Every structure is written in C-alpha cells, then in structure tokens.
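Enquirer: Chain by chain, the residues run as shown.
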Amino acid sequence: MRQVSVKDITKKVRDLCISAACDLEPDVVSAIRSARDREESVLGKEVLGQIIENFEIAGKEHLPMCQDTGISVFFVELGREVALDGLLEDAINEGVRQGYKDGYLRKSVCHPLKRTNTGDNTPAIIHTSIVEGGKVKIKIAPKGAGSENMSRLKMLKPAEGVEGIKAFVVETVKEAGGNPCPPIVLGVGIGGSFEKCAINAKKALLRPLGTQNSDSDLNSLEQELLGKINDLGIGPMGFGGRITALAVHVEASPCHIASLPVAVNIQCHADRHKEVEI
Amino acid sequence: MTEPIRITAPLTDAVIEKLKAGDKVLITGVMYTARDAAHKRLIDLLNAGKELPVDLRGQIVYYVGPTPEKPGEVIGSAGPTTSGRMDAYTPRLIELGLKGMVGKGARSKEVRDSIIAHKAVYMAAVGGAAALIRRSIKKAEIIAYEDLGPEAIRRLEVVDFPAIVVNDIHGGDLFLQGVEKFRRVS
Ligand code: SF4
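Protein chains in written order, with this note's numbering: chain A, 579 to 856; chain B, 198 to 383.
Among these hints, one or two may not hold up.
[To be verified] Heads up, simulated PhoX-like pairs for lysine-lysine below, C-alpha to C-alpha not over 25 Å straight-line:
#1 B:Lys306 - A:Lys752
#2 B:Lys267 - A:Lys679
#3 A:Lys623 - B:Lys217
[What the hints assert, rightly or not] If the Cβ cut is set under 10 Å, some of the chain B residues that face chain A in the computed set are:
#4 Val261
#5 Pro263
#6 Arg282
#7 Lys301
#8 Ala321
#9 Ala327
#10 Tyr342
#11 Leu345
#12 Ala349
#13 Ile361
#14 Lys378
If you are wondering where the hints come from, they were derived from the structure by calculation, not from laboratory data.
All figures in this text were calculated on a predicted structure; none of them were measured in a lab.
Every residue, glycine too, gets a C-beta built ideally from N, C-alpha and C.
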C-alpha cells in the first residue's frame, strides 16, 4: 500500500481551485484563438477578442477570469493501492474552503430552498472511481450557472433513435441562445440510466479540446452535431455568427432495452479545468 | 468595425433615442449593481408601499455579483450575469424610471415592450469578460443589503465600460437580427 496524507490532498485542491479560476488551459486557449480567426461576424470577432484579452489579463494578474467561480465539481481516480489517513471527501471540501477564501473567489453555493449561502463554496460535487495503481488523480471543473442552467436531460423513446438524439441536442442549444456565454462546448451523454447519462455528459466535457473520440461512430456524430449547431447562427454571446460551439463531445453507455436517456451539458467559453496527480 | 459611441450615465431620453441594436457603447458615469435577491427586496418594498434605498430614475442597473476584492482593490472580477432571471421584476422598475440595464442573454417580451413604452435601453456586456470589465470600474461602494454579499447593491463609478446595445426603443433586437444573418437552417 502507498500512504497518502489527506492534508496533502487538501493543499493540492486548494491550489487547484485558485489556478482553475485564473488560468485557462492551453487546449481551450487555442480553441478560442482559432474561433476568432474563423469567425465571419465582425461583432462576433470583436467579442472573441474581448474574451481572449480577458483570459490574458486574468492569467497575468491572477484574477478570476469570470466572477462566477462556480460550484466545484471533481472527478477523482483513486488507485486501489492507496491508503488514506482520513476521509477523501472531507479533505477535498477543506481544500475548496481554503481555496475559495484565500483566492478571493466568489462563494456561490446555497441551500436549495432557503437560498442561504453556505459561505465557503462547499459542499463540492465529487465523483470517485477506484482504479489500478497507487496514485490519486484529481480533476476539478468549476461550473458556472449561466451554462449549467441551460443544460437538459430527456428520456427518449428508443424508436426516436439517433435522429431523436440529434434533434434534442440542437434544440437545447437553440433554446439556450446567448445565455450560456457562447462559444460553448457541449458534453453529450447517451444511454446508461437517468443519472449515468448526466455524469457521462459532464465527463465528456473533460476530454481535451481538439482530440478525437476513439469510437468512430461517436466521432462522426460529434462532427455532424457541431455542424448543425454552428448552422444555428447564434454566434459569440448570441450576437450572431458562425461559431456557436467550439466542440461537441459524446460519451455513451449501454442502457435498458426500453430506454434511451440523453443528457446535454453546456459549458461556457470559460471552460475551466485542471488536474493534479498525487 | 464602427467606433463605439460614448455615453454618460445616468441616461437621458435624448441619448436613448439615438441608440440602436448592435451599437457598441462605452459607458462613463454611475451604475448600480443588483441581481435576483436585491431585485426581490426592491419589489417587496414597492409592494409594501415603501421607499427604495436608491432613486432609480434615469439610472443604469448592472446585473453582476462580483468576486470579493483583494485588500486595497476597488472590486473583484465583475462580468454580467444572465438578465432573464430579472425579467419578472424589470418592467416594474422601468415604470419607476429605470433607464438602462446591462447584463447578458435575451429578455422577455414584457421587458422588451416596457423598454419601448417607457424609453429605456438594454445592453449586453461580454459574459465571462470579468477581469477585463473590472478595469473600467473605478469606484465601488455598497449602498444597500450588505448581508447579501456579492448580491448587495453597489454604486459603481465607471469609465468607458464596454457594452453593446441589444434592445432599443425602436424595437430593434440584436439577438434576433444577428442570428437571422448567420442562420443556415430554418
Ligand atoms: S456562463 Fe460561464 S462565462 Fe458566462 S458568466 Fe457564467 S461562468 Fe462566466
């Protein structure tokens, strides 16, 4: 067994929260730069220029690129040879608490009905899987509400098939319009169960931009969906333009013979994600 | 690209009449911040027949909940939030004399109609451009509802705050017009 201290996890999570809010990852940076080069709308180009200037300032001055520093979502891969000296979830939540305080990030988590703020951005949303080896891999993806609120889930009838899936995805983006701060990235989860397709959609967002789906059918579905979405003309911030989405990522899982769940998770251009390995 | 139009806030009817959907503007002057929770309190006060903590006549409201400022700084990152969440409250404030709104995303038919009927303007700032927009905010002071934290009402003094006109008094709507131009499907 390999001993890992939860204190170490807390420290790493604290730092991840802060760096994710201020530094955009290179895959997103280059996708946005290329979008600016390709955008035909003059206003759209200008909007993308402001988005680029913004993340440059944020990175240089260590400022959050967006004031909505999000609810903290984590995907953890815990090696089965790892022995922790405390609880993983507590360690992560403590890291969030420290990161949001020390990094001057906005605390955006509240009681769902009373709407009272928890004051420290906890509890985090944590998805854990046990994997081979002796390492702990922690991925963070803070999620703002503007794009999360425009996400949708639908239990299709199997007879609706792939055409039904495409129609639902395109309809979701159309309805979202300028609200989720386009250009967006789309995570689509197909199959599984009610909750599995939502988790797949979120996981799909973590695949680096510019990489292909290893499944060739899903890869062509992604390309087709991207074309249809960009034909909507929504454009940067919804002001009209060619680039509404930077990418579409699909993850699929087998499902019940009587169902076809589909989830569409919308991610804004502030596509913040970071990871660390302990 | 055309040069931006410089406007000062509070706004006058003469300025509003000239603004058209798609115009780029740079705002200098005063703006008040308010989001969902502050709007709800304002409307509750009006319903109870009480005075508002701020006179909104002629003013611009900016829908924003900034990050906490670091010690010695004016404000944290401060980009726009989704305006649609304020739609239920907005016509009432426009009737009272509110003249401008800055946020992101589309407005309801009620808000668009109210903008035309009472001569107001809805502008969008670039969502997520919070560190860039922050630079145009020179002063920030909480004037009501401090307990709401990021959602408190702040009085901002801004210089060349960048925005784009979305809904004007002539019925122009940048979201409809812009998308129309680039749509390739029916
Ligand atoms: S949708 Fe994204 S970029 Fe837009 S305000 Fe929310 S977190 Fe920021």
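Enquirer: Which earlier hints can't be squared with this structure?
Expert: Hints 10, 12 contradicted; others consistent.
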